[in-house]
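Each chain, letter by letter, is given below.
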Amino acid sequence: MLHTLNFKRGIAISSLLVSNLIFVSQSIAGVSVIVHPENNSTFSKKIIKKIFLGKSKNFDNGKVILLLSPKTGSSASNEFNKAILKKTASQINAYWSKMIFTGKGTPPQEIESVSEIISAIAENKDAIAFIDADSVTDAVKVVATF
Amino acid sequence: MKTNLLIIVSLIGVFFSAQSFADLKISGYGSIIAGKTLGTVDDPLNPGQKRDEILTADFYDVGQYTNDLTFNAESIFAVQAVADLGPKLTATVQLVAKGVDNFNPEFDWYYLTYQATSDITIMAGRRNIPMYYFSEFVEVGYAYPWMRPPSNLYWWQVTQFNGVHAMYDFDWGESSNTITVFYGNEYSDDNKEMGYYEVLFGGEESTTVDEYWTNITGVNWVVSGDWFEDITYDLRFVYFQHDLERTRNIVDGDNTLLLTSQTFLGFGGSVDISTFTFLFDWNFVTRDDGLGTEFPTYLLSLVYNHNDFHPYITYSKADHERTKSIPPTEDLEEHYISSIGLRYDFLPKVAFKIQYDRFVDQGDVATVWNYHGDSDTITLGVDFIF
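Chains as they are written, first to last, in the numbering used here: chain A, 801 to 946; chain B, 1339 to 1724.
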């Protein structure tokens, strides 16, 4: 913003407004579902929901899905739960507790940091995860953004 | 008693960690629940005498509330270990400690899971009978909104069995489906619930009752998915039958009480519509005893989901009829529970719950089928997972 110091006050303010707008548009950029760049399976919102509830265990290509997710309570996790699963974190935990303790399903493996998720996806052809849309890099393929 | 549990849990840890800790998953669930009944009632078994109201919250384990506040009727602590034995084979154990057993831990679940193909799973070992909609996770309080699935439906003397399950997953249209066929047996010597009734009806403490459910054979079908934008459903149909042998072991010999078979038919589920969850379970049990014995039961519940607050109401009804006795009669066991409560998810893996239950016994007075008696009960506590 240093260069704005050379402008008149009015211009500086509009510049600030623009940067604020960019910031806002980034924060509602949402959450992106990411896979390995070589994964050519098709994904719809319904398929993604089924995958992250453990109801679809295989990709189109027949490969068994490795489910990864950010930590519960992270912004990406909260946003994904709300937009795709339409549940609170606790309701998702309740769903998985039924599956875990009857031996009928395993929840996504929670990964600590976004960079670890990206490298896990980049290294594993059968993995799928979601992260904040603005954290996406070229190492992974985005199949949907919500 | 708690030391026992700790020792066993640590032993499991040591045993599995000696093999390979990376291939072992430890998790668990629990409930710490306190409660009491609020009044007294005319004792159905001793007319003219008053006694505390009693609510049987857990029939199988005879977990009961009286006027004395207790933590023991429903509190439970369970640890599950899942060990990877190979790429497609796992072993699962659940060590469960219950207040009703003075927290003495027992291995209630132990089974192998073999992922035969991507859509066929075989399980073999000890598990809960997939009887009613909530039967398989009836003790995982965190998994449902209420304090417990209504106990006047979950009233059977046997809830677990040793057996085999084969599960087939498939998509049908946009719905996800699982069909499970199962077979197994349970030999419950000195059955706890039957032993309770024995003493309740004036028998000797030393008289034991054995309850054998054999050739438990059946199928269930779970279908789940979405309708439109904001309706999700999970529905389950079940049919199974089993041979039933109930024997009373008295000093002079054995006394066969029942030698028959039973058929279970059930349809239950959960439907989310916008901010509401509708839960229901209908079951119809018939006994092939020449008397046309039938046990029709159902529950209905509505939950309002507002962020982390989930207030709910529930109504459950259980009945017992004999359609072929001479004369046919409906004047047997009959009761309903109406409940109101709140679940508050105050931490991501901990839920606070409070519930009020009104149990109304409509059993026949002359034949003392009203032996439960009415009750008003308040319970509160937390359910958690880890």
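Keep in mind that the hints were calculated from the coordinates and are not lab data. No residue lacks a Cβ here, since even glycine has one placed at the ideal position from N, Cα and C. Please note that the accuracy of each hint is not assured.
What the hints assert, rightly or not - In silico SDA-like pairs for lysine to any residue, Cα to Cα no more than 20 Å straight-line:
no., chain 1, residue 1, chain 2, residue 2
1, A, Lys898, B, Met1505
2, A, Lys904, B, Asp1457
3, A, Lys855, B, Ser1514
4, A, Lys898, B, Arg1464
5, A, Lys898, B, Thr1451
6, A, Lys857, B, Ile1458
7, A, Lys882, B, Tyr1525
8, A, Lys886, A, Ile918
9, A, Lys925, A, Ile847
10, A, Lys898, B, Lys1687
11, A, Lys863, B, Asp1509
12, B, Lys1426, B, Leu1362
13, B, Lys1687, A, Leu866
14, A, Lys898, B, Ile1517
To be verified - Some chain B residues close to chain A (C-beta under 10 Å, calculated; not the full set):
no., residue
15, Lys1363
16, Trp1447
17, Ser1456
18, Pro1468
19, Glu1474
20, Trp1493
21, Gly1563
22, Asn1645
23, Tyr1674
24, Ser1676
25, Pro1686
26, Val1688
27, Gln1700
Structure-inconsistent hints, enumerated in ascending order:
7, 8, 13, 20, 23, 24 and 27
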